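*Asks:* Sequence:
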Amino acid sequence: MTTEKQLTIYALFDLDRSSAGDYLRQFTYPWEALSGISDFVLAYGNTLCKDLYKDPEETGIPNVWIARSAFIAPNASIQGPCVIEAEAEIRHCAYIRGSALIGKGAVVGNSCEIKNSILFEGVQVPHFNYVGDSILGYKAHLGAGAVTSNIKSDKTNISILAGDARIKTGRRKFGAAVGDLTEVGCNSVLCPGTVLGRECTVYPLSRVRGFIPQRHIFKDATNVVAKV
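At the far end of the sequence shown sits residue 251, using the working numbering, and the numbering has no gaps.
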């Protein structure tokens with residue numbers, strides 16, 4: 024598979040594992056979907072059954088829909104547009120800044136912040152994580168303190184580094200696309216424009232930049248090895 028194909032939405036994610044699947048099918052690459060997340064969440068929220076979801080009138084928060092089976096800590100802060108799906112957990116002091124889909128069974132933990140992002144089913148960001156302008160695939164997991172950095176220090180547009188290629192995204196803000204079943208170690212930073220393939224492992228305390236192919240272990244920038 025070519026590098027360009029490995030970077031596609033279809034290569035990274037099982038689209039049947041997210042209510043955003045049909046939305047994402049419109050695009051080739053994950054960063055192309057980021058600008059429309061807010062509109063998608065609003066449209067999706069307005070289709071939800073009141074028997075299963077608290078609507079904005081009931082939540083008391085404009086453009087926020089929360090599954091009745093979800094757990095929301097009393098001191099969590101949630102802004103719309105946002106949909107929190109069945110059996111998700113929004114824990115102590117979590118902050119959802121809007122334009123967010125929190126998938127079924129996902130965990131947003133203590134002191135985590137989510138903004139303009141899609142979390143697939145079973146995603147876990149359980150402790151002190153920041154996820155901005157990002158898409159996290161099925162059962163992706165960020166260890167404690169791991170964050171997505173979504174803007175360059177010079178504020179210029181972000182390109183994806185993939186081997187010798189540099190792929191322009193045309194976006195000033197893009198955190199990361201994390202493939203299904205990928206594990207990111209504690210206190211790691213995913214630099215702007217990081218794309219991790221499916222079933223990757225990132226060692227703790229890593230600074231990751233660019234594209235890591237599926238089923239690889241990122242030990243450091245000079246030591247990325249295929250899983251056996």
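FYI, nobody ran anything at the bench for these hints, they're computed from the structure. If you're wondering where the values come from, they're calculated on a predicted model, not measured in any experiment. One or more hints might be untrue.
[What the hints assert, rightly or not] Computed list of lysine-lysine pairs in BS3-like fashion (alpha-carbon distance at most 30 Å, straight line):
#1 Lys-191 to Lys-28
#2 Lys-178 to Lys-242
#3 Lys-127 to Lys-28
#4 Lys-175 to Lys-196
#5 Lys-242 to Lys-175
#6 Lys-178 to Lys-250
#7 Lys-28 to Lys-250
*Asks:* Against each hint, give a clear statement of whether it holds in the structure.
*Replies:* The hints, checked one at a time:
1. Lys-191 to Lys-28: 15 Å, holds
2. Lys-178 to Lys-242: With a Cα-Cα distance of about 28 Å, the restraint between Lys-178 and Lys-242 holds, given a limit of 30 Å.
3. Lys-127 to Lys-28: Given that 30 Å is the threshold and the Cα spacing comes to 28 Å, the pair holds.
4. Lys-175 to Lys-196: The given pair, whose Cα atoms are some 8 Å apart, holds under the 30 Å limit.
5. Lys-242 to Lys-175: Holds, at about 23 Å.
6. Lys-178 to Lys-250: 35 Å, violated
7. Lys-28 to Lys-250: 20 Å, holds
In this structure, the one hint that does not hold is number 6.
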